[in-house]
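*Asks:* Okay, here's what each chain looks like letter by letter:
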Amino acid sequence: MDDAPLIETRELAKTYVMGDQRVRALRRVTLSIARGEFVAVMGPSGSGKSTFMNLIGCLDTPTKGEYRIDGESVGGLSPDRLAELRNRKIGFVFQSFNLLPRATALANVSLPMLYAGADRATRAARAQRALDVVGLSARMDHRPSQLSGGQQQRVAIARALVNAPALLLADEPTGALDTRTSLEIMALFQSLNKEGQTVVVVTHEPDVAEFAGRVVRFRDGKVVDDRRQTPRDAATQLAALGAEQAEEAA
Amino acid sequence: MSPVEALRSALDALRANVLRSALTMLGIIIGVTAVIVMVAVGSGARAKVMQQIQSLGSNLIIVVSGSMTSGGVRMGVGSRWSLSEEDGAALARDVPSIQVAVGTVRGSAQIVAGNTNWSTVVLGVGPGYLEARDWELAAGRDFTAQEFSGAGKVILLGETVVKNLFGEGVDPVGQIIRVRATPFTVTGVLARKGQNTQGQDQDDVVVVPVATAKQKVLGSSRANARAVAAMLVKVRDGEDMADAERQMREVLRQRHRLTAAQDDDFWIRNLTEVANTQLESSKALALLLAAVAGVSLLVGGIGIMNIMLVSVTERTREIGLRLAVGARRRDILSQFLIEATTLAAIGGAIGVVLGVGGSIIVAELGGWPTLINPEVVLAAVGFSALIGVFFGFYPAQRASHLDPIEALRHE
Ligand SMILES: Nc1ncnc2c1ncn2[C@@H]1O[C@H](COP(=O)(O)OP(=O)(O)OP(=O)(O)O)[C@@H](O)[C@H]1O
Ligand SMILES: [Mg+2]
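Heads up: the sequence lines are chains Y and B, in that order. For the first sequence, our numbering gives the first residue as 1, with consecutive numbering after it. For the second sequence, our numbering gives the first residue as 251, with consecutive numbering after it.
Honestly, I wouldn't trust all of these hints.
Unchecked claim - Label pairs and their in silico Cβ distance ranges:
1) Y:R219 x B:L257: 43 to 53 Å
2) B:L257 x Y:R28: 24 to 34 Å
3) Y:D141 x B:G617: 22 to 32 Å
4) Y:A34 x B:L257: 41 to 51 Å
5) Y:T122 x B:L535: 43 to 53 Å
6) B:V560 x Y:E248: 45 to 55 Å
7) Y:D80 x B:A266: 24 to 34 Å
8) B:A541 x Y:T15: 47 to 57 Å
9) Y:G117 x B:L261: 37 to 47 Å
10) B:A272 x Y:R24: 43 to 53 Å
To be verified - Some chain Y residues well away from chain B (every beta-carbon gap over 10 Å; in silico):
11) R35
12) E66
13) P79
14) Q128
15) R129
16) G149
What the hints assert, rightly or not - Partial list, derived from the structure: chain Y residues whose beta carbon lies under 8 Å from chain B:
17) Y16
18) N54
19) D80
20) A116
Source of the hints: derived by calculation from the structure; they are not laboratory data. Virtual Cβ for every residue (Gly too), placed ideally from N, Cα, C.
Turn these sequences into a full structure, and let the hints steer you where they fit.
*Replies:* Below, the structure written as structure tokens:
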């Protein structure tokens with residue numbers, strides 16, 4: 001069971017019907033992602049990356065094909081069962097953070113545990129630990145408006161991690177961030193991945209994809225390229241950038 | 251999510267938009283306040299009428315002397331008293347459903363006690379008057395048979411008269427007072443009755459034997475010394491009033507030797523029926539008030555629904571996010587239901603405070619009796635919470651059925 005891939009899709013297809021127009025967003029995608037992998041998903045706009053992420057994130061159901069996560073078949077599950085699956089096995093990170101604006105960082109991070117039925121003390125303790133992991137324990141009581149974009153995204157990552165999901169999904173997590181902050185986020189993903197976290201990141205930027213151990217390319221709803229690579233180390237890059245900036249300042 | 255947490259997050263959401271929450275609540279506040287005040291006013295009015303009816307005495311029919319002439323000109327009451335004490339005796343004898351029939355006359359006079367005086371109504375009554383009116387004595391005794399038959403100079407005083415002649419806390423029984431210069435002995439004090447349905451003070455009265463009244467107060471001993479202005483008839487409990495009325499008419503017409511062509515020379519009125527009509531109309535009024543108030547509560551509920559719909563639309567992304575991190579449909583449903591119910595319940599609670607306060611103020615300032623009914627208060631709060639659930643359900647249902655992806659993409 002542990003040898004089985006974490007994610008396994010077979011002929012996965014998604015067709016959107018709008019009036020008499022049919023958009024085949026995803027066409028027969030068969031793909032496996034093993035535990036502990038760091039995958040970058042790339043491809044031009046409209047190629048079906050987000051559609052793919054939504055399907056493997058159990059946010060959406062396929063038109064055709066099969067999908068298993070952690071050995072569990074997702075086909076034909078009710079919306080509530082899918083919600084439970086998302087709650088237990090999946091952590092989402094969005095381009096636009098999607099934090100609750102009136103809630104503190106701690107409350108935002110606690111949210112998934114609220115639906116997992118954890119008690120108050122457990123929630124607070126685990127949310128603090130998750131914020132610690134993303135390096136924001138000092139900002140627990142800040143609201144999103146009191147945080148920078150990078151910090152907000154780190155709160156969102158802490159929220160995604162708080163239920164210890166098997167799979168961390170990020171759809172263009174650095175799309176709204178500058179180079180340096182993007183690097184910080186990727187370094188965070190890399191360090192999480194080093195500790196065994198499976199990570200799938202959608203990105204447009206080849207620079208960002210370099211930090212992943214595997215790059216999957218989509219075009220017209222199909223996987224056109226799937227290759228492994230030696231990832232660059234984001235932390236080293238970040239240090240170099242720090243030195244560069246220090247030089248510039250001098 | 252535990253109920254406590256759900257409530258806390260509902261309060262947070264409501265606090266996020268204080269003004270809007272307050273305005274939404276205002277509808278419920280006004281509705282609940284209106285219901286409580288209106289029902290209090292309505293049932294107060296009804297209780298008042300009810301008490302007046304009880305003070306009148308039950309199952310009463312009054313027969314008044316006088317008639318419509320064939321020309322249509324009403325002969326003034328007192329111009330000729332067609333009724334007599336014998337009529338009363340005959341009625342009591344010949345109509346089995348009659349418990350008691352009492353002749354009465356009525357006038358007004360100035361009454362003097364020591365150096366105070368007071369103008370009041372003088373009622374001359376036959377034996378059984380107190381029984382007919384279900385009127386108790388607060389002190390002293392009723393007249394004896396000899397006092398009735400011998401035109402005794404004895405008098406019963408109403409509470410208002412006692413208060414004005416003797417002041418508070420004085421027992422007037424046994425005292426001598428003067429009516430039109432004739433000294434009377436006070437034998438008793440009538441129990442308090444309050445206002446009648448016309449709003450007159452029924453305690454502003456003195457009662458003397460009917461013969462005494464005619465000789466000493468009205469001052470004219472008429473041709474027929476036994477004639478009376480009116481007759482108060484009490485029908486036995488459970489007997490048919492209309493039937494009694496019909497039999498009375500028959501007996502009286504026969505005794506007065508009226509031919510079929512002649513009109514009645516008396517006038518019969520079922521007092522209990524009149525009072526009941528008033529009770530009915532006060533009931534209708536209470537119902538109308540409650541209905542109007544209920545409509546405003548309904549409008550308040552629609553206000554909640556409106557705001558909850560706006561809120562669901564505004565927070566679509568939030569809903570999408572909650573769904574994405576694992577909220578089930580019922581979590582979202584209960585979140586919005588609890589918000590709506592909390593709004594309504596808080597509004598209801600404020601409405602109760604204002605409603606009870608308002609009822610007290612209406613009673614104090616308006617001199618209008620109000621009756622706050624605990625069941626109505628409970629019902630109003632319960633109903634407003636129910637309104638929250640009812641009008642909150644549709645928006646909550648809509649929220650819980652959102653598609654997570656579409657919700658997340660919502661601008
Ligand atoms: N809800 C929808 N209804 C109809 N068509 C849709 C819907 N969502 C996506 N599509 C279509 O499906 C195709 C794939 O969309 P998708 O969002 O997966 O692309 P993407 O690779 O994520 O693009 P981008 O890089 O711009 O985010 C597009 O042609 C898009 O127009
Ligand atoms: Mg996309």
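*Asks:* R35 of chain Y: least C-beta distance to chain B exceeds 10 Å?
*Replies:* Fine: 21 Å to the nearest Cβ keeps R35 of chain Y off the interface.
*Asks:* So, D80 of chain Y near chain B? Judge it on the closest CB pair being under 8 Å.
*Replies:* Hint holds; D80 of chain Y Cβ to chain B Cβ min 4 Å, cut 8 Å.
*Asks:* Have a go at the N54 of chain Y hint: is there a Cβ in chain B nearer than 8 Å to its own Cβ?
*Replies:* 6 Å, holds
*Asks:* Can the suggested window of 45 to 55 Å be confirmed for the beta-carbon pair V560 of chain B and E248 of chain Y?
*Replies:* Cβ of V560 of chain B to Cβ of E248 of chain Y: about 50 Å, so the range 45 to 55 Å holds.
*Asks:* Does A116 of chain Y meet its interface restraint, that is, does its C-beta lie within less than 8 Å of any C-beta in chain B?
*Replies:* Holds. Min distance 7 Å.
*Asks:* Do the Cβ positions of L257 of chain B and R28 of chain Y conform to the proposed distance bound of 24 to 34 Å?
*Replies:* 48 Å, violated
*Asks:* Evaluate the given range 43 to 53 Å for the C-beta pair formed by R219 of chain Y and L257 of chain B.
*Replies:* Given a distance of about 50 Å, which is inside 43 to 53 Å, the answer is holds.
*Asks:* A closest beta-carbon separation below 8 Å is what the hint needs, so does Y16 of chain Y meet it against chain B?
*Replies:* Check failed: Cβ of Y16 of chain Y comes no nearer than 11 Å to chain B, outside 8 Å.
*Asks:* Look at the Cβ atoms of T122 of chain Y and L535 of chain B and judge whether their distance stays inside 43 to 53 Å.
*Replies:* Given range 43 to 53 Å: violated, Cβ gap about 60 Å.
*Asks:* Taking the Cβ atom of D80 of chain Y and the Cβ atom of A266 of chain B, is their distance within the range 24 to 34 Å?
*Replies:* 27 Å, holds
*Asks:* Is E66 of chain Y truly not at the interface, in the sense that its beta carbon sits beyond 10 Å from all beta carbons of chain B?
*Replies:* 20 Å, holds
*Asks:* Report holds if the minimum CB distance from P79 of chain Y to chain B is greater than 10 Å, and violated otherwise.
*Replies:* 6 Å, violated
Violated hints, listed in ascending order, are 2, 3, 5, 9, 13, 17; each of the other numbered hints is respected by the structure.
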